[in-house]
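Number of protein chains: 2
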Amino acid sequence: MTLKVSDIGEKELVKYIIANSNDIVPDDTAITKLNDSNLISTCDMLIQSRHFPENMSYFEMGFKSVTVNVSDLAAMGAEPLGFLLSIAIPKDLPLDAFKKIIEGVLDACNFYSIPLIGGDMNEASEIIISGTALGLCDDPLMKNTYSLDDLILITGDIGHAALGFNMDSPDNIYVNKALKPIARLNEGILIKKAGASSATDITDGLASELYEIKKDGFGFMIYEEMLGISDEYKNISDNLNLDYLDLILHVGEDFELLFTISEDNLENLDIDYKIIGKVTSSDKVEITFENGFSQEIKNKGYEHYVSE
Amino acid sequence: MTLKVSDIGEKELVKYIIANSNDIVPDDTAITKLNDSNLISTCDMLIQSRHFPENMSYFEMGFKSVTVNVSDLAAMGAEPLGFLLSIAIPKDLPLDAFKKIIEGVLDACNFYSIPLIGGDMNEASEIIISGTALGLCDDPLMKNTYSLDDLILITGDIGHAALGFNMDSPDNIYVNKALKPIARLNEGILIKKAGASSATDITDGLASELYEIKKDGFGFMIYEEMLGISDEYKNISDNLNLDYLDLILHVGEDFELLFTISEDNLENLDIDYKIIGKVTSSDKVEITFENGFSQEIKNKGYEHYVSE
Chain V
1 MTLKVSDIGE KELVKYIIAN SNDIVPDDTA ITKLNDSNLI STCDMLIQSR
51 HFPENMSYFE MGFKSVTVNV SDLAAMGAEP LGFLLSIAIP KDLPLDAFKK
101 IIEGVLDACN FYSIPLIGGD MNEASEIIIS GTALGLCDDP LMKNTYSLDD
151 LILITGDIGH AALGFNMDSP DNIYVNKALK PIARLNEGIL IKKAGASSAT
201 DITDGLASEL YEIKKDGFGF MIYEEMLGIS DEYKNISDNL NLDYLDLILH
251 VGEDFELLFT ISEDNLENLD IDYKIIGKVT SSDKVEITFE NGFSQEIKNK
301 GYEHYVSE
Chain P
1 MTLKVSDIGE KELVKYIIAN SNDIVPDDTA ITKLNDSNLI STCDMLIQSR
51 HFPENMSYFE MGFKSVTVNV SDLAAMGAEP LGFLLSIAIP KDLPLDAFKK
101 IIEGVLDACN FYSIPLIGGD MNEASEIIIS GTALGLCDDP LMKNTYSLDD
151 LILITGDIGH AALGFNMDSP DNIYVNKALK PIARLNEGIL IKKAGASSAT
201 DITDGLASEL YEIKKDGFGF MIYEEMLGIS DEYKNISDNL NLDYLDLILH
251 VGEDFELLFT ISEDNLENLD IDYKIIGKVT SSDKVEITFE NGFSQEIKNK
301 GYEHYVSE
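These protein sequence lines are chains V and P, in that order.
Residue 1 is where the first sequence starts when you use this note's numbering, and the numbers rise one by one after that.
Residue 1 is where the second sequence starts when you use this note's numbering, and the numbers rise one by one after that.
Below, computed lysine-lysine pairings styled on PhoX-like, alpha-carbon distance capped at 20 Å:
no., chain 1, residue 1, chain 2, residue 2
1, P, 15, V, 100
2, P, 91, V, 11
3, P, 99, V, 15
4, P, 100, V, 4
Quick look at which bits of chain P chain V covers, simulated, 3 or more residues with Cβ under 8 Å:
no., segment
5, 4 to 17
6, 92 to 102
Some chain V residues judged to face chain P by a derived CB distance under 10 Å, without partners named:
no., residue
7, 3
8, 4
9, 8
10, 16
11, 42
12, 45
13, 51
14, 84
15, 88
16, 97
17, 103
18, 118
19, 121
20, 136
Keep in mind that the hints were calculated from the coordinates and are not lab data.
Keep in mind it's a predicted model, so treat the numbers as computed, not measured.
Ideal placement from N, C-alpha and C gives every residue a C-beta, glycine not left out.
Based on the provided sequences and hints, a complete structural model is requested.
Next up, the structure:
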């Protein structure tokens, strides 16, 4: 029998690449030492049939292609330097659709103050957008450099995009978050300045990111009551026959930052945030529910290629 | 009638992007000023059904995805800094095929001394590889900064890849050039050091590149006898019912450098090269054939999206 990539899954494939390269730092971005600073670089590819829901506009596709890349800069606390756009489109795409995609890209570049500096164009059977974000950072925020008893925090609300992907009605905070997420670029810079001990962005769901940043001997205790879940959120989830905690823990695309900071440095933090838990020595990723019971959180974040 | 992107063609689409952005330098790469140097960045996407001939191995696909990007660094005379690999593969791709692609990428990174520093993985219905090459350059070689009477030169042989794409027999210099082209990275650095006045890489055919670097008031005279076309090349083309000059002028993928240098600086040039012509004031791109007749060269380089 010939082994297929789906037999081993995306994470093992990435591990294979990292194991065979001597130069990859397994964090949110690449880091390259430059004289007195670090070049921060990251690339992310979005493919129409996999990443763009049917109700996403062309403008939003363009905007999101910048956001997903800038979000990785945010997770390092980097200052933006430039954006490269590699785009492939079908030859029968209406010209207006193309212009809307570019408008979305340029609007996002303007919003994040990251200039569009170059790119590449191709023809393909569907829309493919591969962005590269470049930044500078004197002392990048790594994802697993936290200490015991550090507080665990998030920016904004998580789970909103997950709910929005399941809603038909347009124009509410959930659908808006799903279709036009915003990267926390300024927050990332302020988090680093405040002396945070680690950071990553939430693309694959809170649970998956916690497992991503977990290191041996350390664990996390998350408190449901601190996640800021509204009654409205629970009600809408219920009506859609969705488990609200499942949405929040195991579905991503919020592009909020997940970060840690010592209690001492908390007072330096000049952004909106939620404290959601604490770094423990349990070696487990756990949650304490509103009813007081605690339980280990399973790692079932999205993975490409896994056989169904 | 709704206009489609194929109604206006790739070049106009690229012009649209550049016209709407204030930060794109229309050259082989982006250039970003950094303290005492320039960050050079470029991205190129390769799509299996469009860029990889059927007889190309998985290793060669990986290798080429690095070459096409490094070739743009070479055209600026830049020193390599890092490579980002954004790759999408079908879930039923054999694991061994995936490993061969990565082996090709890593072999190329090693060959060009450009470390693989990061990337992204995705699932798609075919293999898509979008690379980003980063480099540094104190004084980048632009593509149209030549002067009247500068000599026009190329590295290596052009047209070989074009012929190789049409040959069934494996393992000859033409097929090898088509399947595993090599970027002229070191030559680019040496060309810059020698005081070349401009450079670009030949991806779309000599004629197309000459039109790409042409500026108002300047022209080029190319001499067929200086192109180094062998009798073997002419014979194989003949046997395949192909016009050898058409292959050389209008089909690309050689990844050789096309550059200009003053006669005074020629003695500084410590690489293998061919002088193929001269910068003129004719405002035309012309060729003098071996029989002594001269003619304007048409611009019919490959363009995506153009309606057939």
